[in-house]
Structure formats: structure tokens, C-alpha cells
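Full structure from sequences and hints, please.
Just so we're aligned: the first sequence equals residues 0 to 845 in numbering that gives the first Met the number 0.
Don't read these hints as lab results, they were simulated from the structure.
There may be inaccurate statements among the hints.
[As the list claims (entries may be wrong)] Below, simulated BS3-like cross-link-like pairs (lysine-lysine); rule was C-alpha separation at most 30 Å, straight line:
1. Lys108 <-> Lys666
2. Lys150 <-> Lys666
3. Lys97 <-> Lys191
4. Lys191 <-> Lys311
5. Lys563 <-> Lys97
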Amino acid sequence: MSDRARIERYQPTEIEPRWQARWDELGLHRTDLADTSRPRFYVLTMYDYPSGDLHIGHWYAKTPTDAIARFHRMHGENVFMPIGFDAFGLPAENAAIKNRVNPRTWTMKNIEKMRVQLRSMGTTFDWGAEVVTCEPEYYRWNQWLFLEFFKAGLAYRQKSSVDWCPNDGTLAREQVEGVDRHCWRCGARVEKRELDQWYLRVTRYADELLDFTGLSWPDPIRTMQTNWIGRSEGAEVTFTTAPSAHDAGGDALRVFTTRPDTLFGATFMVLAPEHPLVATLTAPERRTDVDAYLAQAADRTEIDRLAADREKTGVALGADAINPVNGARIPIFVADYVLGSYGTGAIMAVPAHDERDFDFASRFGLPIVKVVMPADGDPDAVLTSAFVEHAADEVLVNSGPFSGRPAAAAFGEIVAWLGERDAGKATVTYRLRDWGFSRQRFWGTPIPVIHCERCGIVPVPEADLPVLLPDNVDYAGSGVNPLSRDAAFLNVSCPSCDGPAQRESDTMDTFMDSSWYWFRYLAPHKDDGPIDSALVAQWTPVDQYTGGAEHAVMHLLYAREITKMMRDVGLVEQGEPFLRLFNQGQILGADGERMSKSRGNVQDPDDLVARYGADTIRLFLMFMGPWDQGGPWSPTGIGGVHRFLNRVWTLALDPHGLEGGDPDSGKLPAGEDAAAGERAIRMAAHRTLRVVTEEYEGYRFNTMVAHLMELANSLFRYRGSELAGGPAWDEAIGLLLVMLAPAAPHIADELWNRRRSAAGLAESSIHTEWWPAVDQAATATETREVPIQVNGKVRDRITVAAGIDQVELERLVLARDRVQELLAGRTPDRVIHAGGRIVNLVVREG
RNA sequence: GCCGAAGUGGCGGAAUGGCAGACGCGGCGGACUUAAAAUCCGCGGCCCGCAAGGGCGUCCGGGUUCGAAUCCCGGCUUCGGCACCA
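What follows is the structure in C-alpha cells.
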């Protein structure tokens, strides 16, 4: 009869719900926000859209975050780890249209299901702080904040051409993806529409957003945000239109350039199709061609603008401009390679030193004048492509009084020269645009303003907030906001003049919801303001934020922007929301594609949990690779992690059992006496503690788990021996369980308390234990093994006293027979000791 | 095209200037079992060899170094971001 049969088997599905309930009763993860006696730690994981089902990717993001929270609690910190739901958004509205269900009903049902799933992971979220963004108690403060921003001039309305998705309505610029311009959410082709839109003035913060001082964020995210903001330094230069038969001329034509040093090389100008001067400058005989081109350009987003179609197009206006620096008359073109929304919507074209201008000039046979070249270059050599290098020795040529000047110096000199003549100045331009904030959709926060014919735009008075979303709406007909057809919602009297007026029917971009939710977690039900200032001051910025890198230029930038806006209207002190950011990788489907229902590659964790238990899945997800890496889902290897937990179970509950198939079972390892065995057990345990502690701190969970496996393997060698169940053994088992507790919390608490119970002690959750300290003495060794290399190849190894000096080490190495044999009579030219880690004997060959 | 990350056994990965392949999966061998599963023990880069040992080996080609998966130069491939931003 095997010893194994004496103990109960490891049955995760029995113990896990029990411990989850127990932790709830004990209130282990309810945070007392007012407790200032301990260091605080705010750990935040990105909240989710309640699509209805958690997939394995949610677990991949959340269980290591939970381990971090538990690890910090075991260090005596007051940890706050809240959770909520990003509950506004399109899928609910689509479900409403398709199935005629109320979006609220659909959303709330999904949230119910996800709450259960999230609990099944054994995560220690503080559910008392939960935020659900589609609740009036949340979105009313979106409205309140919007009105604060509006009063401060940070929100404004403007008629403009917007990116429009037939399914998702208006999109912000960063929500349009790819060369073919498709919607980030549904993938549909994006069109242009001319609409009155709300914008948030985030460009005001462009420079501040480039400053990451004090933040510990991954470099790739910082780079992406920096590129997205796209700061370029240059100059605005004012050209003048030349008089002609059809136009008096004398109009200022302002351009932005990053290369004022090439001003003498401007041989033509290009206006964007949207530029206001196109109409007045066009010569009568050019009108037909220009109009045709403008019509084509307006359609251009509809046409494939893929890589193949990059031939420059454009037409001449039949008008000229005058270069302020030399009075040269140069022709003006309209071409769609110049963007109306960037810079001034017009450029001076310097074909010799800009690739796009070079292409255009080559195509239309326009002159190419070289004005910058290397100091030793040939000024008459013909350019075959634009010369755009920025070498230190470049000088100006063909540039009037500036010829011969170093190019680097000429930049400032020409800008100064222009400044004196009121024809230009240094400026900075950004790629970042203001945030297109309105959506012509139903399931979002109503923008709280009223349009009155007499008074114009009137904010909804604070006392009338929230502007509630109506409950009974006709969803039929996609692409049209149901709110705009709801007379009861729409028609109101003006708060200012009491005359007839209409509500704004646009709702906010749902990214507003996620741009301040971590403040609201601290006081989710506060009904006299959006945030509790005292708690916000005490608890924010968030210490650690974790989430996917796919939010690099969307959520993570919006959150920084809104924080700065909240600061500027006097709500918070800080300008940055998240001190440390960690981007976990993404779990892809088994096919290597993004997991999505439509691809049918979604891995549902529920059946894995039913089969292996939450602890195995948690540990497996941490073990499969570095957390920031992600990768395609494969269940291969879950069994190995499950086997490891079973081994821990056996070690903790059945130390005296014997291994059925092992003839050496129950004996000490060869050559060890009891004292040496005890030292070996303590050394293994404390060395593991040292490295595992560092690995938790560095979020290197895969190697953390590997080291726990190694410790379990080491202890297995002593199972059934005279040392099993002894003091060193018990200490090692205790350390193993404590180290396992943040990652596999249920089995750790179960085994911890079974052992307490066996020792006659009362129940006490392992999660209230302090993280233990390493016994340095236990980790020290008396001897160590040093590899011996000859010419860089390991040929031998030697065991020496730990504190050996280099002279003695070298003597012992050279005394070895094997070394003498390899040297074959030669004397090493050099001996490398590398601090005693390795010995390398360098012998000249031949 | 530009910016960023990565490339290591059959597979996931470890080692970030000092013993390449920790840990795990799969595989093979053994024990236990009437048998299978489960469990336990062992082997495990490739090539030659009974073995001892030797040769080769971290995407490719160079370089630095006593010593390179790791640092430098050039190239290839994959993934992510941006894409006419003047």
C-alpha cells in the first residue's frame, strides 16, 4: 500500500472557492484608504470592456498584477487594487440594434458574468471601490468635468472635416489605422465628413507631454508617444503673392519649414487642396484643371492610397509667389501631398533638399537648385536625388549673402534676417492634433450643452446634471444617433432665456471614461464632486499601472492629457497619472492572430479552471515566458505546472512517504550525512528565497516559478529520509509556501493551514504573513567549483575553498594532472582569474 | 520608407562579458502495476567514439576581447508602431 494513498489528493476545485469565500470574510483585500500608518501602494490594472466573456488574455494581464499586490501586502504595505468596467461603447449599441435589447441590460448582464469570472481567478480586487462607467453616478462627472474644461476654454466646437466610420461614427485621428485608413475597432473603411464637432485642446500640452521626467515607463511607449506628438522645430516664412492679370497680389502666403537654411533653393510653392487661397489665386484659364483636381483630391481617401499609388500629383494655379529672401518669382501649385491640417497648409518646395519636392519637380520638370553641399563638394554636380544629409561640414551655396556659411549656422542667421524684415520667425509645429471628442452615437456620455437660437451654446447648469441617457430609444437604423431622433430628449427650454432650445445629441468619446477613472476609484459613490481631493492627494499618482501596449498612443496619452487638464482647472495637484507603467504582452490565438470571437480563436479559461484549478492556470501563465512578451496561446505545459503543485502538496502533507519506483528513496543523497543534508536543505531554501524575492520585485515571474520548481525538486530528494519533517525541512516547506502564496494563493493557504492545524494551531491566512528575511549564513558555502579554461575552452574544473586567494588558486590549477597534460610542457603566457569565477590559461599556439 | 522590439535544442524559454541550453513540455530508458493511467528515478544540442574524450554549435558575414548568445560594424528575417507631417 503506497504512502500516497494515506493523504487526500490535491483537489483545486474544492479548495479554491472555499478560500475565496474565506478571504472575503476576512476582508483581506478591502483597503482602508484612511490608514496612513503604513506605506501605501496603488496598483492599477487596466479595466475592461464588458464584452461578456473573459478570455485567457484577461488572466494573463490580471493574475500577475494580483501577485504583485499580494507580494506588497506581505511587505506590510497598504495596498489598493481596484477594478471596474469600461461600460460605454459600441458593442452594447450594436447588440441593441441587432437583438432589440436595451444596451444597459446587455451591459449589466455581461458585468455580472465577468464579476464571477474575475473572482474565480482568486484575484484580490477591492470590489468595494468598483466603478461602472455607464452608471449616472459616474458619467455625470464626465459631464461636470467637460463643463469645467469648457469654461476654461479647453473644450471648443468647430466645423471640420472628420474621420467617419459607417459603424462607429466619428473617430479621433489615432483611431484611424493603416494606409488604407480603416477603423481601429471594426476595421471598416473610414470616410471624411464635414461636421460640427467638439474638440479638447490637448495640443496645449504637447511640450509637457514630451517630458517623462519622474516616470518609469517602458522606452517603446515613450518613443511611440514622442513620435505621435511629433515636435518639429523650424520657421514660419512669409512669401507674398505676385501681381498678375487676374489678381492684384500682395497676399501673405505663410509656410512652415524645418529647413530655413534652404530658403534660396525654393523653386516653387505648393498649397494643400484645402488651402483658402487656392480659390483666389487660380487663374481663369486654369480654373477647370484646378477644380477637377480639387474634386479628385476630395475623393482621394476613398481611393486606394496604398504604397503603389505614391506618384506625386498636382496642378499649377497660374499664379506666382515672391521669395522674401531674394525676390525670386516662383510658381504656385496645388497638390495633395501637402496636408491642410499640418503646419500652415502650404510649403515652399526645395526639390534639391526634400525628397517629396524632388519627386514633384522631376515629374513636372521644375528647376532644382542646390543650396547646401559638403564643404569639399562640387557645386555643379547634378543631383540624382534630394540631398538631405545633416553633416557637420556642410556649407551653403547659391544663397546670396549666405553662400559659404556653414549650414548649421545659416539656419539661425536666415531666421534672424527674416525676423528683421518681418518676413518670418522661428516656430515649432506638432503632429499632435486636438482631440476630436464628439461621437454621433447613443451609448456614451451625453455632452451637457444646450443649443439655443438666441443664446448660442449654453452649458447645462450644474444642478441639472446628470443629463441622463433616455432608457427607451428607437435603435433601428444604424449610423444615426438615436438621440437625435428622440424629441423628448432633444427639445428643452434654454436655461438662460427660457426660449425653445435643443440638447446636444452627440455623446463623448468613451476614452473620456478611462481618462480619470483611477481617481474615481478612491471615492466611487461621492455625490458632491468627481473626486475626493484628500484621498487623491494621498493616493495618487498611481504607483504601478499594468496593461497592454496597444494603448500606447490612445488611452495612455488621453489619461495624461486629462490629468493635466484637471490640474489646470484646479482639481488635482499632479500632472501625471501613473508613475510606473508595465506593458504585459498580448496572448494571441493558437493561430498567432489576435484573439477575437470572429476569428474563433478565443481561449475560454473557465474549462481550464474546471480541469486544473485557478492556481495552475495563474502559475502557468506566469511560467510560459517573460510577462512583457506574450505570444500565441498553447496549453502545452499546463500539465507540468499542475504536476509541480501536486509535488508541493505531497511535500507539505506527506514528508515521510517513499517513492514507489525509486530504489534510493528514503536515503540521504550519496555521500551526505545528516548534518550536511540539513545544511543543503537550508541553503537551497534561503538561496531560493533570495532570488525569488528579486524576481517578484522585477516582475520576472517565469524564472521565479522555475526557482520554486528547483526547490521542490531538491526537497523531493530528502522525502522519506531521516531529515524529512525535521526542523530544516519544515522551515524550507514554510518558505516554499510563503514564496508560492502571491502566485498560487489558494493551495498556499490550504497547505499552510493544514500544517498549522496538524501542529495544533488556529487558522491564520498565509496572506497575512510577513515576507521572510534571508538567513545570509545559511546561503554561504565553504567550497566552490571553478571552471578551468585553456584558450577560452572549458577543459577541467576544480573545487576550492570559498575564500581562496588568486595565487593559491593558480597554483592548485597548474598542479592538476589534467592541466599539465593539456599544457604539454608549455607555460601559460597569461592566466586570467576573473575575480575567481573562472580560470583561463592562455597559451600561444604552435 | 522611417521608428521600436526580437531572432538560442523538436517546442516555450534560461543565461545581458566568464561553464550555452536553467526550469518546463514533448521524447527515450528504468522502477512500480496483472495491465494501463497516475507516480517516482534517470537520459536528453548536433556529429564522431564502446568509453574517456574530441569537433561543431546561440539568424548570416566581419570586428573588439584572454574570453562574445551578450559589446561594435554590415546584412537577412519576423513582429509592433508610424506612414507624403514640409
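Which numbered hints fail: Result: hints 1, 2 and 5 break, sorted rising.
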